[in-house]
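Enquirer: What follows is each chain in one-letter form.
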Amino acid sequence: MNWSDALIQLQYNLGAPQELSWLVEGITYFIGAFVIANAALVLALLLIWITRKVVSRIQDRIGPNRLGPYGLFQTVADAMKLLSKEDIKPTSADTPSYLIAPVLSVMGVLMALAVIPFGAGLIGADLNVGVLYLVALGSIGIMAALMAGWGSNNKYALLAGFRVVAQLLSYEIPMVLAMFAPVLLVGTMRMQELSQAQSLYLGPINLGLGWFIFLLPGAFLIYFIAALAESEQTPFDLLEAESELIAGFHIEYSGMKFAMFFLAQFLNSFFLGAIAVALFLGGWQGPFAGQVPLLGPIYFLAKTFFIYVVIQWIKGTFPRVRIDQMMQFAWKVLVPLVLALILAQMIIMKLPLPGWINSLLVLVANIAVVLAVLNIMGNYFKREQVRSKRAFAPKSLIGTMQPVNSSAGD
Amino acid sequence: MPELPFPLPPLPTAPQVVFIMIAVLAVIGSLTVVLARNLFHSALGLVAAFFGAAGVYIVAEAEFIGVSQVLVYVGAISTLITFAIMLTRGMMFGATSPRNRQSGTAAIITALTFVVLVALMRGIPWPQAGEPITDGQAIIAGLGFAFVNQYVIPFLLLAMLLLVALAGAIMLARDRK
Numbered sequence: 051m052n053w054s055d056a057l058i059q060l061q062y063n064l065g066a067p068q069e070l071s072w073l074v075e076g077i078t079y080f081i082g083a084f085v086i087a088n089a090a091l092v093l094a095l096l097l098i099w100i101t102r103k104v105v106s107r108i109q110d111r112i113g114p115n116r117l118g119p120y121g122l123f124q125t126v127a128d129a130m131k132l133l134s135k136e137d138i139k140p141t142s143a144d145t146p147s148y149l150i151a152p153v154l155s156v157m158g159v160l161m162a163l164a165v166i167p168f169g170a171g172l173i174g175a176d177l178n179v180g181v182l183y184l185v186a187l188g189s190i191g192i193m194a195a196l197m198a199g200w201g202s203n204n205k206y207a208l209l210a211g212f213r214v215v216a217q218l219l220s221y222e223i224p225m226v227l228a229m230f231a232p233v234l235l236v237g238t239m240r241m242q243e244l245s246q247a248q249s250l251y252l253g254p255i256n257l258g259l260g261w262f263i264f265l266l267p268g269a270f271l272i273y274f275i276a277a278l279a280e281s282e283q284t285p286f287d288l289l290e291a292e293s294e295l296i297a298g299f300h301i302e303y304s305g306m307k308f309a310m311f312f313l314a315q316f317l318n319s320f321f322l323g324a325i326a327v328a329l330f331l332g333g334w335q336g337p338f339a340g341q342v343p344l345l346g347p348i349y350f351l352a353k354t355f356f357i358y359v360v361i362q363w364i365k366g367t368f369p370r371v372r373i374d375q376m377m378q379f380a381w382k383v384l385v386p387l388v389l390a391l392i393l394a395q396m397i398i399m400k401l402p403l404p405g406w407i408n409s410l411l412v413l414v415a416n417i418a419v420v421l422a423v424l425n426i427m428g429n430y431f432k433r434e435q436v437r438s439k440r441a442f443a444p445k446s447l448i449g450t451m452q453p454v455n456s457s458a459g460d
Numbered sequence: 098m099p100e101l102p103f104p105l106p107p108l109p110t111a112p113q114v115v116f117i118m119i120a121v122l123a124v125i126g127s128l129t130v131v132l133a134r135n136l137f138h139s140a141l142g143l144v145a146a147f148f149g150a151a152g153v154y155i156v157a158e159a160e161f162i163g164v165s166q167v168l169v170y171v172g173a174i175s176t177l178i179t180f181a182i183m184l185t186r187g188m189m190f191g192a193t194s195p196r197n198r199q200s201g202t203a204a205i206i207t208a209l210t211f212v213v214l215v216a217l218m219r220g221i222p223w224p225q226a227g228e229p230i231t232d233g234q235a236i237i238a239g240l241g242f243a244f245v246n247q248y249v250i251p252f253l254l255l256a257m258l259l260l261v262a263l264a265g266a267i268m269l270a271r272d273r274k
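Just so you know, the sequences run in chain order D and S. Heads up, the first sequence is in the numbering used here, so the first residue is 51 and it goes up one at a time. Heads up, the second sequence is in the numbering used here, so the first residue is 98 and it goes up one at a time.
You may find that some hints are simply not true.
[What the hints assert, rightly or not] Label-pair ranges, simulated between beta-carbon atoms:
1. S:V115 <-> D:V153: 19 to 25 Å
2. S:A266 <-> D:D137: 40 to 46 Å
3. D:V126 <-> S:L269: 50 to 56 Å
4. S:D272 <-> D:K131: 48 to 54 Å
Just so you know, these hints were derived from the structure itself, not from any lab. Since the model is a prediction, treat every value here as computed from it, not as a measurement. All residues carry an ideal CB built from backbone N, CA and C; glycine is no exception.
Take the sequences, apply the hints, and build the full model.
Expert: Laid out in structure tokens, this is it:
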């Protein structure tokens with residue numbers, strides 16, 4: 051039973067006339083969209099609080115703890131402050147793109163909510179091109195960043211705009227191909243069917259543990275790395291590298307417009323985690339989720355928050371990569387790896403074997419391909435490192451001199 | 098209720114309202130492309146026009162083509178165009194107008210094309226309503242099946258063309274020793 055069907059039925063039971071079916075449907079979809087969009091915006095407050103708590107624990111601090119229980123209302127206070135700030139627009143900014151960019155960035159992220167399956171009947175719209183829809187939404191984020199970078203009329207913002215295109219477009223390819231692996235396995239792009247396929251029946255009982263991460267660990271790993279880059283999280287947060295670009299493409303934004311970009315970034319990392327859960331970690335599947343439907347959303351949110359905390363954990367521990375390293379990693383490691391994975395999976399799935407041998411072979415091939423490609427690329431990069439060190443060896447004495455031992459003088 | 102001297106036009110149905118909204122978006126976007134003083138605004142108008150086209154596909158129940166339209170045209174081609182504009186034009190030194198003295202000629206040719214297209218479309222017997230589509234999944238599966246069976250040669254040739262274009266771009270762009 052779908053949530054919208056249930057809601058429509060409820061309205062008819064309450065006495066809504068059958069002739070006004072268009073109004074009933076309109077009210078139903080309005081309620082759905084309203085709840086889902088506003089829940090996401092409130093969720094962002096919680097996400098920012100989680101980030102601050104996790105990162106401060108990693109850095110041996112306490113984090114926000116003054117406002118409300120465990121400092122939960124700190125973000126609310128911050129949002130109030132941002133709302134009350136003066137709305138500044140640079141004189142030479144390009145008005146239309148400067149004003150539209152923050153709205154567009156949040157819009158692109160919120161639209162992803164429509165196809166995320168929270169539970170057995172809980173999905174905004176079960177599109178038959180669900181996965182492709184999610185991929186297409188990424189382009190709105192790119193356009194928003196470009197518009198912000200260009201519209202601000204600031205050279206750091208423009209540089210960040212260039213980086214946005216380079217990074218997001220490069221990492222989109224491995225991400226899309228990794229998302230393709232479970233789609234290939236199930237043979238559908240519907241998010242709900244993808245979640246349903248990840249069940250594991252032990253007799254009549256659905257254990258709900260047939261997660262695709264157990265079959266496709268390599269694809270999950272690639273998806274996760276690429277998603278980190280897509281959501282501009284730490285090892286790949288070059289777009290707003292404070293030490294190089296001050297704040298990236300949103301340097302000229304202040305007050306609520308700045309908060310919109312912030313919101314989009316936090317929600318984006320959460321939703322990419324949610325997509326990872328839906329595609330690889332079983333979605334709403336789990337022990338007894340089939341018997342007790344209420345467990346589905348709980349499982350889904352628990353897994354998604356777990357992924358989110360892992361992302362914050364990475365944020366607290368990893369240094370930022372350089373831009374050339376980042377591009378090399380995307381094009382020379384991730385893309386060949388994911389292409390090899392997809393090719394191996396396609397060949398194995400066409401073999402005339404019983405189902406469970408096929409699945410086992412997919413798993414074995416996944417691990418083998420990852421190990422083989424990483425080995426080849428690792429050897430290549432070791433040679434490359436030696437070669438580039440020779441190429442960049444200093445030709446003059448500058449840079450080769452040893453520091454003077456300072457203890458001699460004083 | 099007093100009798101009106103003329104019959105009221107029928108109320109537009111919901112798909113028609115949605116189509117009108119999308120068409121307005123596409124037309125405004127296309128006009129921005131042609132008429133904007135600023136080249137970057139033209140590029141943004143192009144994005145809006147592509148979104149409008151995707152919307153028309155979705156209204157016509159071709160979700161796959163609509164989403165592919167957004168993915169390819171908005172995601173890749175518009176970004177490429179915008180990027181090229183940002184790299185090649187002196188963005189920091191004021192707007193650059195893409196207009197020149199040929200706009201009058203272009204307007205005449207466009208008007209003639211419009212007349213010809215309208216004349217052509219009026220001559221075609223359009224089907225009033227097609228078969229209702231029960232499952233979009235079947236369309237995507239059928240499309241994929243057609244690509245690797247009936248149309249495998251054109252499909253591979255297209256892939257080859259893209260590969261040649263890619264190799265050519267690298268040949269042009271690499272630094273010559």
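Enquirer: So, for every hint listed, does it hold in this structure?
Expert: So, going through the hints one by one against the coordinates:
{"no.": "1", "hint": "S:V115 <-> D:V153: 19 to 25 Å", "in the structure": "holds, 21 Å"}
{"no.": "2", "hint": "S:A266 <-> D:D137: 40 to 46 Å", "in the structure": "holds, 43 Å"}
{"no.": "3", "hint": "D:V126 <-> S:L269: 50 to 56 Å", "in the structure": "holds, 55 Å"}
{"no.": "4", "hint": "S:D272 <-> D:K131: 48 to 54 Å", "in the structure": "holds, 50 Å"}
In terms of the numbered hints stated before, the structure departs from none.
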